[in-house]
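Following the hints, position chain R against chain H.
2 protein chains.
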Amino acid sequence: MSKVRVHNFAISLDGFGTGAGQSREMPFGHAGERLHDWYVGTQYFQQMRGESGGTQGVDNAFARQHDPGIGAEIMGANKFGPPGWQDDADWTGWWGPNPPFHSPTFVMTHRPPPPIEMAGGTTFYFVDAPAAEVLEQARAAANGADIRLGGGATVIREFLTAGLIDYMHLAVVPIVLGRGERLWDNQESLEDAFDIEAISTPSGVTHLTFIRKV
Amino acid sequence: MSKVRVHNFAISLDGFGTGAGQSREMPFGHAGERLHDWYVGTQYFQQMRGESGGTQGVDNAFARQHDPGIGAEIMGANKFGPPGWQDDADWTGWWGPNPPFHSPTFVMTHRPPPPIEMAGGTTFYFVDAPAAEVLEQARAAANGADIRLGGGATVIREFLTAGLIDYMHLAVVPIVLGRGERLWDNQESLEDAFDIEAISTPSGVTHLTFIRKV
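As given, the protein sequences belong to chains H and R, one line each in that order.
Mapping to my numbering: the first sequence position 69 is 69, numbers consecutive.
Mapping to my numbering: the second sequence position 130 is 130, numbers consecutive.
Excised from the complex, chain H in its bound form (with noise of 0.2 Å):
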């Protein structure tokens, strides 16, 4: 059966995987572009906006895991646009043209509009639904690669309850926001239900990862 995978997820020491405030101007709210220096910095993340250079070491291994074996993308209403995006009939998402999921990519909101076709195979489906049954759908249209869970933190919430994440790397960062949208809150035990790795990086990043049980 394919995983369902988190890679390269955000967050603070306190946990919060966006700041407060989030708008057009401040996709990640207060919290600026300071959650992921790290992976914009990585060869991975320069090469896919066409420059050189970039680091090579720890942090970039782990952001390279984004793109392999994946045939899926589900993510929250949050991870595609500010607050009212369904209101705006020509918002296509943050990245443009060609968006980096390069697959059917099914975005959970309340209040869904027709599916966008974008450039480089990714296509917009948006499900009003519950984390299960929207995996079925992911599930289906990956065709039997891995589905990829991409964030914010509400909806990874969400399929962490639900028991249905394999996978999931957490870079937690350095700083501490304060307020925004929280990662850990009702995940006690979570520990039950995953082997844990940490490893900190020359960055100031610590990587976590959570492997499912068997």
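Because the hints were derived from the structure by calculation, they are not lab data.
Check before you lean on any hint, since a few could be wrong.
[Claimed, not checked] Okay, the calculated bits of chain R under chain H, using three or more residues with CB under 8 Å as the criterion:
(1) 10 to 19
(2) 162 to 176
(3) 198 to 211
Note that this is a predicted model, so its numbers are computed, not measured.
Backbone N, C-alpha and C fix where the C-beta goes; we use that ideal spot for every residue, glycine too.
Okay, now just chain R, sitting in the frame of chain H:
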């Protein structure tokens, strides 16, 4: 000027320094001993117990920093005893006749009993005063040496908010407690005041050091 230092303060991934439901039988509430397995396993701790053996790696190196250069300790009421210890005239702390502080030790409580002199150099003084005032007393008693701030989470937060901590060592343990006393509340932008380093170890713990910027 002498420094204020926090050592070996363990928190869960979701930032709890103790679990919920603290009692005489369960000093750390539903967390049990899980926050401190790495610490109890060190050679430093085993020697303190009069035992041989114990780990000698990075965890032990951090554990050993507890003692050198310290002239006084400050702790919160919930570190000294279970809820209601103030009503038990025989309560002298969790640590037996020879507590591991070996110095004047200031316990912050709104109902201060008279001082208690223990073996090994520890005298417990009980004070009902704000952080800065307790620190002044501890500093006078420490004779130029550093002050260790022993926790719990509430007291560390109070000292952080007052800008009174110079060095803080946290050990992040890969468990999710879900409830208890949270260290991170109201600490937004803590990284502006501290240089932060992270190092994970084979025990699964990630050590964080916060060094106040000069």
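* To do: Go through the numbered hints given earlier and state which of them the structure violates, listing their numbers in rising order.
  => none
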